[in-house]
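Colleague: Read off the chains here:
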Amino acid sequence: MYQEQAQPSLALPEAEAMLPRRPSVLENILRFIRRKPLGAFGMLVVFFLIAMTLGTPKAEFGMPSLPSRPIGFELGEPWMGRYDPDETFQNEATGRTLQYASPSADHWFGTDKSGHDIWSLIVSGARRSLFVGLWALAVATLLGTIIGVVSGYFGGWADTGTQRLMDALQSFPPLITLILIVTINPFTEGPSLTIAAFALGFVGITSVQRIVRGVVLSAREQPYVEAARVLGATNGRIMVYHILPNITAAIIVIFSIGLGSVILAEAALAFIVPEQVPRDPSWGIILSEERAVIVDHPWPGIFSASAIALAVLGFNLAGDALRDVLDPRLRVG
Amino acid sequence: MQQYILRRSLLNVVVLLLVATMVFLVLRIDPDNVIRNRAQGCQMDTYEECTRVAKQELGLDQPLYEQYVDYMSDIARLDFGKSFYTKESVINQIKDRAGPSIELGLLQIIVALVVALPVGVISAIRQDTWMDYILRFVAIAFLGIPVFIMAVFVILATARFAGGTFLPDWFGPDTVWTDFFDDPVENMRRMTGPAVLGGLGTGAIIMRFLRSQMLEVLRQDYVRTAWSKGLRERVIVMRHALKNALIPVLTVVGLLLGAIVSGNVILETLYNIPGIGFFAVNSIRQGDYPLVQGLVLVVAVSLVFVNLMVDVAYAWLDPRIRYS
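Chains as they are written, first to last, in my numbering: chain A, 3 to 335; chain B, 904 to 1227.
Since the hints were derived computationally from the structure, they do not count as laboratory data. Heads up, the beta-carbon is just placed ideally off N, CA and C, and yes, glycines get one too.
Label pairs and their in silico Cβ distance ranges: (1) B:L963 to A:E191: 18 to 24 Å; (2) A:A229 to B:W1033: 51 to 57 Å; (3) A:L28 to B:I1150: 40 to 46 Å.
Produce the complete structure using the sequences and hints provided.
Modeller: Dropping the structure here:
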């Protein structure tokens, strides 16, 4: 009897009522928009970019054609493209190729030199920018995290040696290194997007590992790591289960800010050496090729440049806002 | 302090050795390509003869460790070999190209500082006013929009609206290059476009950094003391706050200084400025491996040493920093 009376059956709901209600997902999103309007704008751009790459998967999916293009290109025609990007249009009155048409209802962004629809080219180019960027960041984050965690966790001579090696890597000018790797490329015949993506990732390793190492250095000294070691956990176990969860926020921020700079680097690469990258529709290649005639026919140049600028701006703004929300300590440069 | 400089210099020697080794290995990934480029335009009877001679001349027929020793001793004597195409000494060619690059880099940093310092300070002391919002928005635009796209638009705009009428293609690219010492006015005219564009791009980074530093410093106790002493706002901001806010900004400027030789590949290409970046891209395209090797090494060395100098300057400027 006594035990039943002691059950605090009434106290619990009261205590719950005193706690503030947990905001719903929608409320969280609205608060994010109110507090970070620029970040919300960036997110909008990012979602639009992702929507551009969507398309019906091809009937025969099969193995991804890895050697020349990274995963992601197996998706069929993007839904947002109005025409096939390879289709050339003719002027109906004269029957000649519709060169450099101005924007109209038929061709929202006009046509280019060979009569291709620019809006469709830009929609196809979005897929390339995004997937090359994702691949590059996957490479950079994976290798950078491994190097950063191991180097930061063990410290001592291993750390000093690794960091000097990273210093050496960092003293190569990134864009020149990128062009050098893509040009030398002994792995494939002719230009390859996969190699470009790996090269972009390789260039990014140093900055990723530095951020990760910084987080690891502070996490290493935490009491729970010591506790795990006292309990007899191996180094590998401590690194995977106790240190790695600390850098999740850092990885998300690296991905969102990094995608902006990788997209820019890919466009810059295609802009400077268009002959060393594959000929799929690409914002950088369009800009590079239409630059010569930009004074007389500005539309292709303007739209491809705006696409690059908007994508980079969007990822930067979204990444900045995400960083402020997730982990304000991660300010880099 | 001396000990710190000595230790850093020794570490830098290690870094430079690693850089040289990496360049050595990268250019030996695909030796056939190097030999092919070297053998171009040779007058022998058969192609095999040509490649054999080229291989011998490049020393690629020797074992790898002997090649490495030769390569290192050549580098130590600053002998980077001769260009495959022009047959001129690499180091002399690089010397000619360094001038315009360094000039452009310095001009950009001057533009960046001249714009960013006042803008950053104003934006911080007038925090959350319309002035602050406008300045920050412009800075974000310059951060987000890549410099080469700005350059394309500026070239388009000047050609369309200002070509020949006023500002005689001041911002536009040109094909003929004039050295600063031959004709300073003409040289400056050529430099204006890339210097302003690149300078505003880096100025945006400095401005954002300075603003957040100023906001932090302006909330500190000693600044409040200065206010309560009745000092004028100008004195507080310029003499008390700015001095302390500037020190972290120096790091950013230092990083930009490090990229001074190589940071302008795109702007140099767009504006036809015969600098290191433009030259490097061209020599990679032509497969001129001695040139590529020399350029990458020179750029890496300059970066490492500029970073060392910035660190030393940093310790000298801020007496609170004591490297132990």
